[in-house]
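Chains as they are written, first to last, in this note's numbering: chain A, 1 to 220; chain S, 221 to 604.
Heads up, some of the hints might be wrong.
So the derived list for chain A, only partly shown, Cβ under 10 Å to chain S, looks like this [as the list claims (entries may be wrong)]:
| hint | residue |
| --- | --- |
| 1 | E5 |
| 2 | L24 |
| 3 | T64 |
| 4 | N78 |
| 5 | F84 |
| 6 | F86 |
| 7 | P87 |
| 8 | Y90 |
| 9 | A91 |
| 10 | D94 |
| 11 | N187 |
| 12 | T197 |
| 13 | A198 |
| 14 | R202 |
If you want the ones that stay clear, here's a sample from chain A, every Cβ over 10 Å from chain S, calculated [what the hints assert, rightly or not]:
| hint | residue |
| --- | --- |
| 15 | S33 |
| 16 | P116 |
| 17 | E144 |
Using 30 Å as the maximum straight-line C-alpha spacing, the simulated DSSO-like pairs for lysine-lysine come out as follows [as the list claims (entries may be wrong)]:
| hint | chain 1 | residue 1 | chain 2 | residue 2 |
| --- | --- | --- | --- | --- |
| 18 | S | K483 | S | K451 |
| 19 | S | K426 | A | K147 |
| 20 | A | K6 | S | K451 |
| 21 | S | K542 | A | K6 |
| 22 | S | K483 | A | K6 |
| 23 | S | K542 | S | K336 |
In case anyone wonders, no lab produced these hints; they're calculated from the structure. Ideal placement from N, C-alpha and C gives every residue a C-beta, glycine not left out.
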Amino acid sequence: MSDNEKLVLALPKGRILKEAAPLLVKAGIEAESAFSDPDSRQLRFSTNHPGLDIIRVRSFDAATFVAFGAAQIGIAGNDVLMEFDFPEIYAPVDLDIGHCRLAVAEPADLAGEDNPARWSHIRIATKYPEITRRHFAARGVQAECIKLNGAMELAPSLGLCHRIVDLVDSGRTLRENGLVEVEHIANVTSRLIVNRTALKTRATTINAWIDRFREVARAA
Amino acid sequence: MNDNEHKGLLPAGLGDMLPPEAALEASVIEQLMARLAANGYDRVKPPLVEFEESLLTGAGAQMASQTFRLMDPVSQRMLGVRSDMTLQIARIAASRLRDVGRPLRLSYAGQVLRVKGSQLRPERQFAQIGAELIGSDSVEADVEAVLLSALALRSLGIETLSVDLNLPTLLAAVGSGAGVPDAKFPKLHDALERKDEAGVRALLGKDHAPAMELFVALLRMVGPAEAVVAKIAGLDLPPAARVEAKRLADVVKRLRNADAGLKLTVDPVEYRGFEYHTGVSFTLFALGVRGELGRGGRYVTRDGEAATGFTLYMDTILQAVKAPAAKRRLLLPANTAIAERQRLQKEGFVTVTALDDVEDIKSEARRVGCSHALIGGAVVALSQ
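Next comes chain A alone, as it looks inside the complex (with noise of 0.2 Å):
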């Protein structure tokens, strides 16, 4: 039961985590050295809290451990929240790192004489197969969902499908495949995420995480 009392923080690998680092830090998060070596093939690293572990997974899976109570804290996008609807997971903060939006976009020369009005069906590729549904499920038209897990812009110029429904930062990688962004469908940063059960049952020390966590978020 004791490694069960341990407090697990699911962080996800990638871009979120290089802006994360610093809010840990100033969080009073440490964890051991082998967590910032790349080479490192460890996957749960413990911290200079002897009641927290980190584990560095996937940005889909940190949402997954969180929600299944393996993890009881993590971070997550809320594109990633969005997607997935857990009903186990609470999201108190935002961290205000990680922005980007969720958008839909097309080859240029396809967005001047497309008139969206008249769609009944199209055909997306995309990671976010739910997101993306809902989304023309909203206004009437039904979204067949081609889920890639990335590369998604080189979907229209080889013939996959027409359109993409993916993370927009700058936009670079859209002009320089020839694609632009035509429907803006929500604006992403990263959250903080508590496993509900966890949150209920252990309240005191979520909370004093959660505040902790606000208020860096608050500083930056």
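Based on these hints, arrange chain S on the given structure of chain A.
The following block gives chain S in isolation, referenced to the frame of chain A:
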């Protein structure tokens, strides 16, 4: 084409319960029902299947998408398989037990079937156990429902039980008191349900700043009950919301007086699953158990009677219950007298009688999973 070649494959969310879990579930249900009976709750047993419209009207409408339907060849009407038992109990109270004096205390245990499992509860069939206290609007009734559910679960040895008190009516009272239009409520509930502070701010920020400040304050409040109740009392709530908050404070105070050791938290913005609740509600958790052990709260029956109660879910409870140590199992030679068997059973052995004469009774005992064998009239423990 049917590629279901393997006869062991079952539909998603359905499973065979094997030894020892099947016996454990039965004994846990029996213990819980005994605890409810000892507190004056009489057991009722509604049928598995009912007419669709009686199952799904009023508060039942929210279960419509979770209910399996069948066509009844006899009445030529549509039937529904129950996906929740609470409404059946309310129906019994309003019909056949209409003339019984109030308050009416009823308990039930039975299996329910759901169209879809959730990610956290993939089971589509599981057992529900519950108690309903019908015909009283008093604070004492709220307190009784919470205490009884906690008492029943702790009698199973679930020491880390934690009761989260909720007040689903508070949100509407705060919202309409502060002038938030009804159209914003669904999105507001979604944001509050996720404790998505940024979402609440974005939704109410421009036009409803005072309401936004109240909701953000409430959203941050989850924690130990007394502390949260004091914080709520410090807010500048609309009058209707203050009445709700006062009721919650009363319940917390009386619960604490009745049971000083009970772990109580309050989360004033919890709403999902409480859409039809009309007062103090609660959710039961335990450390290390995924999901809720049960939930309950105040509602109004179809006939307008005030009622409260709770439902416990066996799939999660079994995660929290330790299996009792296995009984000693004793292999008896074939033709052991009945009286001898009964004597040994009284001593606490489970007896298994060999059907044929065996040469090496010790190895036979091991083969059939016995810990002991009767050899020459004496009980011999087998080394593992």
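Now the hints, each set against the structure:
no.	hint	verdict
1	E5	8 Å, holds
2	L24	20 Å, violated
3	T64	9 Å, holds
4	N78	8 Å, holds
5	F84	8 Å, holds
6	F86	7 Å, holds
7	P87	6 Å, holds
8	Y90	4 Å, holds
9	A91	5 Å, holds
10	D94	4 Å, holds
11	N187	9 Å, holds
12	T197	5 Å, holds
13	A198	9 Å, holds
14	R202	7 Å, holds
15	S33	31 Å, holds
16	P116	24 Å, holds
17	E144	22 Å, holds
18	K483/S x K451/S	18 Å, holds
19	K426/S x K147/A	37 Å, violated
20	K6/A x K451/S	29 Å, holds
21	K542/S x K6/A	21 Å, holds
22	K483/S x K6/A	20 Å, holds
23	K542/S x K336/S	28 Å, holds
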